[in-house]
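Going line by line, the protein sequences match chains Z and R.
Taking the numbering used here, the leading residue of the first sequence gets 1, the next gets one more, and so forth.
Taking the numbering used here, the leading residue of the second sequence gets 1, the next gets one more, and so forth.
In short, the hints are calculated from the structure, not lab data.
Among the hints, erroneous ones may be present.
With a Cα cut of at most 27 Å, we get these calculated DSS-like pairs of lysine-lysine [unchecked claim]:
#1 Lys-179(Z) / Lys-191(Z)
#2 Lys-179(Z) / Lys-91(Z)
#3 Lys-146(Z) / Lys-63(R)
#4 Lys-146(Z) / Lys-180(Z)
#5 Lys-107(Z) / Lys-179(Z)
#6 Lys-173(Z) / Lys-146(Z)
#7 Lys-66(R) / Lys-91(Z)
#8 Lys-146(Z) / Lys-191(Z)
#9 Lys-91(Z) / Lys-63(R)
#10 Lys-112(Z) / Lys-179(Z)
#11 Lys-66(R) / Lys-191(Z)
#12 Lys-148(Z) / Lys-107(Z)
For clarity, every value in this text was computed on a predicted model and none was experimentally measured.
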Amino acid sequence: MEIPYTVTARPDTGLYNAKVGIWLFLASEVMLFGGLFSAYIFLRLGATHWPHHILNVPMGLFNTMVLISSSITMVMAWSSLKMRQFSNYRKWLGITLFCGVLFLSVKSVEYKDKFHHYGIILNSGQEITGHLAMTEEEAIHSDVLKIKPDPENAGDFLFQLKSIFSKPEGEEKVLEIPKKEIRWWSNFVPKYNTYLATYFTMTGIHALHILGGLLVLGYFWGPGAALYRTNPEHLANRVEVAGLFWHFVDLVWIFLFPTLYLF
Amino acid sequence: MSLRQFHLVFITLATLLFLTFGVWSIYSYIQSHELLYVWLGVGSFLFGILAVIYGIWFLLKMKKMKIY
Chain Z
1 MEIPYTVTAR PDTGLYNAKV GIWLFLASEV MLFGGLFSAY IFLRLGATHW
51 PHHILNVPMG LFNTMVLISS SITMVMAWSS LKMRQFSNYR KWLGITLFCG
101 VLFLSVKSVE YKDKFHHYGI ILNSGQEITG HLAMTEEEAI HSDVLKIKPD
151 PENAGDFLFQ LKSIFSKPEG EEKVLEIPKK EIRWWSNFVP KYNTYLATYF
201 TMTGIHALHI LGGLLVLGYF WGPGAALYRT NPEHLANRVE VAGLFWHFVD
251 LVWIFLFPTL YLF
Chain R
1 MSLRQFHLVF ITLATLLFLT FGVWSIYSYI QSHELLYVWL GVGSFLFGIL
51 AVIYGIWFLL KMKKMKIY
């Protein structure tokens with residue numbers, strides 16, 4: 001038995017099966033990300049302190065440009081299929097795949113940077129952020145933490161920071177803090193504060209969606225493209241559905257970037 | 001909604017993002033006086049204009065090719 005409306009649209013709805021399916025799926029995705037954004041708003045409104053400028057804006061902007069470009073190449077791949085230009089389809093979809101991989105690579109560099117960034121809360125409640133001037137293993141076992149403070153700490157005149165930042169240019173600015181004066185210290189991972197917890201949750205779930213999209217697009221670029229020989233319109237429909245998902249994931253980033261990086 | 005229509009929605013929102021980022025860059029420049037923000041702001045407004053031009057080009061191309 002042949003399943004109807006896999007290629008042609010159903011006359012009364014004007015939709016083929018897969019398009020109904022993807023929009024139902026995207027509706028559930030709206031609820032997932034809508035819930036995450038709502039949680040973010042309430043956590044931020046309820047917070048007494050919310051960190052600013054701890055993310056790399058130029059890197060985030062670069063990734064935004066990469067995803068916007070990938071949406072353009074995605075739609076070019078689909079329109080090439082509709083015009084029966086198979087080699088163009090492979091070219092544009094290949095560029096889309098490259099953009100997706102590039103996005104994830106830049107994101108992993110950003111994550112790595114956060115994992116090597118540390119914050120120290122002193123007994124007085126003062127926070128000092130920076131990079132360790134010793135290995136993490138040494139830091140765990142030592143009685144003293146050696147840290148190169150971030151320039152943002154320069155305005156703070158507590159705990160020897162003034163003498164550290166007044167050192168001449170070129171001289172190493174390392175602060176040594178005895179552990180008995182430290183209440184808590186950690187690298188910038190989700191447990192560090194609510195902001196980083198929401199950052200890693202939202203961008204992590206988004207990155208998983210990009211990864212899923214790449215797997216699907218990779219299939220249509222490779223083995224799935226064989227359908228072109230027997231039913232090119234069916235392949236065009238499949239690519240359109242994958243393109244709708246890809247656009248949705250890119251759209252989520254358009255909201256994530258200003259929310260997490262700018263404001 | 002087809003991919004063509006969703007793409008137009010996407011480009012509209014991307015344009016709004018570029019304009020928002022441009023305003024944010026100007027505000028950041030006023031706060032910090034760092035020249036980098038001026039370049040970011042100018043670049044962002046330019047990309048906003050480019051996105052509008054692209055959106056119109058895309059719409060016309062799809063109509064010409066009769067892709068809906």
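When you check the alpha-carbon spacing of Lys-179(Z) and Lys-191(Z), does it fall within 27 Å? Holds, at about 20 Å.
Check whether the Cα positions of Lys-112(Z) and Lys-179(Z) lie no farther apart than 27 Å. Distance ~25 Å between Lys-112(Z) and Lys-179(Z) Cα, so the pair holds.
For a C-alpha distance cap of 27 Å, please report whether Lys-146(Z) and Lys-191(Z) respect it. The hint holds at about 22 Å.
Proposed proximity, Lys-191(Z) with Lys-66(R) (alpha carbon, max 27 Å): With Cα atoms ~53 Å apart, Lys-66(R) and Lys-191(Z) exceed 27 Å; violated.
Lys-146(Z) paired with Lys-63(R) [C-alpha distance capped at 27 Å]: violated (64 Å)
Straight-line alpha-carbon gap Lys-66(R) to Lys-91(Z), limit 27 Å: Satisfied, since the Cα-Cα distance of roughly 22 Å is no more than 27 Å.
Hint check: Lys-91(Z) vs Lys-63(R), CA-CA at most 27 Å. Holds or violated? holds (23 Å)
Is it true that the CA of Lys-148(Z) sits at most 27 Å from the CA of Lys-107(Z)? holds (24 Å)
Does Lys-146(Z) sit within 27 Å of Lys-173(Z), going by the straight-line distance between their CA atoms? Holds, because 10 Å separates the two Cα atoms, which is no more than 27 Å.
Pair hint Lys-146(Z) and Lys-180(Z), alpha-carbon separation not exceeding 27 Å: Within the cut-off at roughly 14 Å; holds.
Satisfaction of hint between Lys-91(Z) and Lys-179(Z), Cα-Cα up to 27 Å: violated (57 Å)
Lys-107(Z) paired with Lys-179(Z) [C-alpha distance capped at 27 Å]: violated (33 Å)
Against the hints set out earlier in the document, violations occur for numbers 2, 3, 5, 11.
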